[in-house]
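Got chain Z sorted already, so can you dock chain E onto it with the hints?
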Amino acid sequence: MNYQDQLNAALNFGLLVHDIKQDEQLHRVATRLKPKGKNGWYVAYDTLLIMGDWQTGITESFKPNGHQQTTQDKQHINQSRERNRLEVEALQRQTAIYASQTYQNASQIVVHPYLTSKGLDNAEGLKIIKDQLLVPLFDLVTGNIENLQRIYLNGEKRFLKNGRVKGLCCPCGLLNMQAEWPEQLTRVFICEGYATAASVYQMTQQPVLAAMNAGNLLAVGKAVKAKWPNAEIVFAGDDDYSTEQKRGINPGKSKASEAAHELDAQVSFPPFKLEHKLAGLTDWNDYWLDSNRSAA
Amino acid sequence: MINVVENLAFKPSDNWPSLISIDNEELPEVPLDTLPSWAGEFAVALTDSMEIPRELAINNILACCSTAAARTFRVRINQHHIEPTNLWLLTALESGARKSGALKAAKKPLAEWQRAQEEEIIPLRDKARLDHEFQNAVIKKLTNKAGSADREQREKLKAEIDSLVKELPLIPTIPRLYTDDCTPEHLGTLMQENNEALAWLSSEGNLFDILAGQYSSGNANIDIFLKSHAGEDVNVDRGSREPVRLYEPKLTIGLCPQPDLLTGTIAKNRKILNSGLLFRFLYFWPQSTLGSRTRHTRPVAQKITDNYHAGLIAIINQTLTVNDNGEPVLRILELSPEAKKSLHKFALATEQLMQPDALLSQFKGWASKASDAAGRVGAVLHCIEFAHSNPSEHAIRDETMLKAICFVTVSVKHTLSAFRVMGGDQETNAAVSLWDWIRRNKQKQFTVREAQQSLKRRIIFSRVKDIISALEILTERGYVKTIEQDANQSGKPRSSLILVRPSLCVDW
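Residue numbers (the numbering used here), protein chains in the order written: chain Z, 35 to 330; chain E, 3 to 510.
Pulled out of the complex, with its shape left as it was, chain Z reads as follows (with noise of 0.2 Å):
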């Protein structure tokens, strides 16, 4: 019976499943966002069912109504994130040596069809290897890089299997990139894609640091601020429109907004009319890619 409540939450939450295996593990789901991703997680034990959308940054659990946890059941569960933390490191760090020597020995990048189709002549720090553009994540403070974001051909983008993804960026304007950063930064913009990175940097000639996903722009922020504690942070933040029609909220923007309520920072969202809400515009590089079409 808690099975049953356990996937009428699950379904509730907007994970497109039709069986919840309760073996306290992650498993990756499509979602009624974005039903042919998997952008839906969840981990089910006997008596707890937490899930989330990495899409929209969103996280629940959900224990079934009335229902009490006994301390043995919270010492099993405390035990089984332990051990699935432990085993996550274990692989986020076999993950960034990876990531680093596939960097290094990754070559540099002539052209692409995803950079030509976001406009963008000149990427700074990024390598291709096997069609494959390599977008470097980087840690902040250790200016090591920990994962790879690799855009394919087809405008496809994946992370590299079992990376840490949160609180690591990929700056643009910072030259030299590996491991030396400036000492001191006055302001520094965040947002979410690279190719919105670059075309933030073209606008301003500011540092910019790609988060890669908006559920990531707080971390980042927080990476910032411990790097940089007098850096000026501004969010320049996704307009989702056409999700904030279809769910009733717009993640860009909200978790924008959300990190720069929590750090005391700015948020810029790009100017869109609505037709070009509708035409499916969301982003500064849209803008700018806009402007740049209005302007020849």
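Where hints are given, some of them may not hold.
[As the list claims (entries may be wrong)] Below, simulated DMTMM-like cross-link-like pairs (lysine to aspartate or glutamate); rule was C-alpha separation at most 20 Å, straight line:
(1) Lys343/E - Asp53/Z
(2) Lys142/E - Glu121/E
(3) Lys70/Z - Glu53/E
Hints listed in this document are in silico derivations from the structure and should not be mistaken for laboratory results.
Just chain E, lined up with the frame of chain Z:
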């Protein structure tokens, strides 16, 4: 453009709570792979081709498959419980959402089957009618003659008449699979003529107008609908018409009305609300695609349409089996042990949800039928899977049953939403109206007094407290914030100031 990112930078105002949509509570979607094989392919293609919500395609197809399956199959839920396979599905969608087109595409094979039957049967029926009339005339003549005959002659004529009566030709009726407009009384007759199975498939909600008594001065016979959902026997004996005897009637219903039906005809009719009829439907209230369609549609591939047509006809052509007395009876579909276990688990879970204060505690009438509905859906999905062989030779698989359970589970939230509207949750409806006023007038901030002055002519906002209770709901859902203002210089309290969530009024 260079400094536009910097120029537009601002500090966000106080943190707002997460926004919970009020227009249509966030309702889960039916997984696109709910329907198996040819029906699933057709559902996906129809959804893409017509740019309609997937629930509209899936439910219309499922209703048509249930129409076909209910003629031949029942499903054994457990040792003592057998359910028919007729489903009642209601998909509420606004006008212009291509409801008629979707239903037309889904039921096309049924319509063509009916037409083919008509073409075949009409000449036979006309001939049988003629023979019947002729033989009746002979019987009448002999009866008249017997009236004036002597005793011996009369006995002889009586034997002759008896034999002629026995030989009266049966007049074949034209088989019908569905109707979309019919009085409850005639529905019984139609079912009697069609092996007690029929469907009501309509892209409108006229069924509820009929049930509300449109043709019967407000006193429609709802019983036949209630009994035909469960397969309970119906006996209608009225002096003015032929009696109707149905032993196990099976009525499938597939409706796609406008949401106004829920708030209008149904919400206003106590008889329908209190009859239990509404508890028999699985409701779906999908997000409309209107306003986000690309209008670049392409037709469904001919092969997919042909497969759907062939599959549905194959279910219709499944034959009844015979019992020990040689009488035709419905075939029984069995659940695999795993499927039985899953369904049992689902039944226990819904039982739990009926406990006091649980999600379905106010809707026990619906919840108590949910697991049987899942069993029925599972049976229909199974018939789709094995349409081209004999579904009763295979047990219903667990995977199929899980999909059915998932389908009914998705319906839970939709159903609660529908009942909330039909039951008339006036405060939420008022909150929706107030938000509509704010949006239309682009009110980034306003006072309660301004809102009341502007809306006082509307009966739902005739008192200030009506506005305040609607505002409380909008506040809970993160749409607005109330700022209490200090009294003015003369000490008179100022009306509260309402701030609209900035992210919602960026374009105003």
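So, going through the hints one by one against the coordinates:
| no. | hint | verdict |
| --- | --- | --- |
| 1 | Lys343/E - Asp53/Z | holds, 14 Å |
| 2 | Lys142/E - Glu121/E | violated, 32 Å |
| 3 | Lys70/Z - Glu53/E | holds, 17 Å |
Violation of the numbered hints given earlier is confined to hint 2; every other hint is satisfied by the structure.
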